[in-house]
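Respectively, the protein sequence lines represent chains X and R.
Start counting the first sequence at 1; every next residue gets the next number (the numbering used here).
Start counting the second sequence at 1001; every next residue gets the next number (the numbering used here).
These are calculated hints, taken from the structure and not from any lab test.
Even for Gly, the Cβ is constructed at its ideal location relative to N, Cα and C.
Any given hint could be a false lead.
As the list claims (entries may be wrong) - Part of the chain X face toward chain R, derived, beta carbon under 7 Å:
1) A22
2) F96
3) A97
4) M123
5) A249
6) V266
Okay, here's what each chain looks like letter by letter:
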Amino acid sequence: MTNILFKYYKLFSLMVLNTLMAFFIVNGLMKLPGHLRRSEVQSASVRLPALTQVHRGQPSPELKLNEHQMKWVDSRSFEGVPPEQVSQILSDFASFAQVGYAFHPYTHFSEPAFQSQTVNIQMDDKGYSYRASKSHPLSAKGTYQVYVFGGSTTLGWHTADNQTIPHYLAEALKKSYRKRGQTRSVTVTNFGKGYYSWFQEMILFQRLLHSGYRPDAVVFLDGVNVLHADSPNETPHNTKDLIRLWDKAQISSTALPNTFPLFKTVNNWARDSYRRLFRDFEQGRHPHRRTYSLPDWVAKTQQSYHTTLDQIEALTSLYQIQPYFVWQPNRAYLCQSSKYRQELPEEYRDKVVPLYTEMKQFKRPHFVYMGDLCRKMGFKKRLFIDDVHYSPSFNRAIAQELAYFMMNPKRVVTTSDTL
Amino acid sequence: MWTQYFNSLLAKLQLARHYQMLALVVTTAGFLFLGLNGVISLWYSSDEGAEKENVVVQPQVDLRAYHSVSKERLRSVLNDEHSYLQEGTVFRPYVQVADPPFKSKTLNVTRDEYGFEFRKSTAPNHVVGHKVFVFGGSTTFGVHAADEWTIPSYLQEAFNTRVQQYPNTLGYEVVNYAGRGHSWYQELVLFERLLHAGHRPSMAIFIDGVAFRNQQGAKNVPIWSRETAALWEKQQRGFLTFPFPNEIPILRLINQIESVETNKKMNFILKQRYAYLNSHPESEFSTQALRQSYVETMKQRKAIAEVYGIKTHFIWQPHGQFRCANNRLLGSDQQKPVKALYDDFLKNRIPGIHNLSQLCEKNKLVNAFADELHYGPDLNKLVAQTIFEKLYERTHDEHTL
């Protein structure tokens, strides 16, 4: 009896092993084409850098910068900055870009704390982050406290901590007070955040107020991020991803280990039905994005800006804070954009140019239009480091104009005015 | 010749025997694997059984709060609510959490012309001249209540009656913008978003108090922020993967081990990068800090509303755990901060708010709550009537507010 059972068990085990062998052979055969194609792609990518030519102004490939930097950065714009420091700044920003963003309540995202030689993001105990080489108190009695809000241009992307608009603004304000014979301690805090819209800046500002911070003055620099922020809808960058992430987290789905190509095939099939399920789940859950024809878009975007400024001023008057609003320069508008290595995307220019043209007529107290600052400065200098961000010298010029406006709010700023 | 050579080689190497051995080993290992799965599944089933025994019975709705409602109607309301719960929540810019649109007999959430969701209320029976936006948490949204039993609906009914008394006046339309889980600061942000989109109501009513725990106390971090931050980081770092099917016990075990590892990593990342998530309950839930947070928010709402000439009303709502005869009680650790905060608001009156925290006591209400926090239809009606009276309290003109 035992012998018969063992005989059957042996037979059964042979069948099992044969099936397994067949499974592995089929898997191996399925893996082969992918493997061949990968080795082909790898050998092509090995050849690729040798074929790539370094253009004039392009950073050295030895710096190991990211794709965006290699595409857009024009090193010639770092006028007066030693080449070693330029390399350090670009490398630090390559590392900074890798740390990504952190999720933040209400404003969705913000740069996390970061330390390097030229780029430093400080964070207070409540989680508010700001750019500075050293942390400083966000409220201090007897000090003229200025908070500057804006996007990555204000944060000072591709410039060192001491080459940003808020840094130069502090210098210019101190100098201006000295000229007037006043000794006043000035602290300017850089709350510039990558991709931020004017509405996000407002929410960040009011959260700071809710947390008990009371600056003396606030500056809002805007204009460049209109498309990132989906103006006039004012939905922050990444909102779509967050909506999908949130929805996906509410649907459970599983997968077999992808190691075996057969399982992978099953997973792909299952993924298709998951996608269908997800599509059905998302059906009607979210409002459609509003789109506008170009003239309407310009008018609506201006209206969005105006409404946001109304709300900011409601808060500043409540807490007796002096607001300043700056419409910032943009490479797409009167800045000889074509002299840089890469031309800006057409769809960006097509929208930004009419908006900037209309914004010239925008009038309200505490508002200054700097959209034509490139032209005012003359076209000899390269004022942009990449697609949107300013060079250190341009940051300084913007800060000086701004400081002049802050010290003489009733006078119209002209190029001949200096601090 | 070759066949002979091959056969002799096979015989020499005893391949067939070795293959047979391998087959035995593999099959026996397979059986062991299945046995192991069986043991693990037994362990899981005993674990689940223990869990089931320990599970606190889901807070059932207290049916006594619906004494004037027919059984069929109540069943329909609770069934619709159950279906709505399956829809989960949606992520919305700035406000973060919102209620998805929904259609049913008794619970309807629809969208306005700018894409913002609101809960259906009783319709106005007159020409609408003014809009009244009502903000609040789940109590104002009307959890466990039909569309026409919510506070905003009863408020609309009161307006309808008033307009019938004075037919020549322009009427009011009440819109319920409350959201389940909304904190007082979320309400402010939603209000700002609505104004930014182009809405211009005549009046905004903010009903608060019950959801004070939903924003990490005074720290003002909306509900689900930790979960959203974890999702964000998982996506950014590629941790967001599909788990293995839980039906195979050993894969389930692997899932659990992996999730423990991922959670460990996530906790580390969140601790490092998210100062705002680090909890300091003593300071964040101190009565003083909560009061300050409420007052700051109230000031900001008022300042924003004034820009557009909107009248604001701030209601401190009754709480099921404070001076109310409620059969459903929270744990003492949760009751304590409610009592402290509500006592403080009674003792140190904040100018400009209507404090309704003694409403139950004054009206000697019994069986007014559908659960620990949410109101039954009668209490909703009483709250709405009291708010309505407060709205007209300060004006001598019966036509306008």
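Structure-based check of all given hints:
1. Interface hint at X:A22: violated, since its Cβ lies 13 Å from the closest Cβ of chain R, which is beyond the 7 Å cut-off.
2. For the restraint placing X:F96 at the interface with chain R, the shortest Cβ-Cβ distance is roughly 14 Å, beyond the 7 Å limit, so the hint is violated.
3. At its closest, the beta carbon of X:A97 sits 12 Å from a beta carbon of chain R; the interface hint therefore is violated under the 7 Å criterion.
4. Residue-level restraint check for X:M123 holds (minimum Cβ-Cβ distance to chain R is 6 Å; threshold 7 Å).
5. Taking 7 Å as the C-beta cut-off, the interface hint given for X:A249 holds, the closest approach to chain R being about 6 Å.
6. For X:V266, the shortest C-beta to C-beta distance to chain R is roughly 11 Å, which exceeds 7 Å, and the interface hint is violated.
Hints 1, 2, 3, 6 from the list above are not met by this structure, while the remaining hints are.
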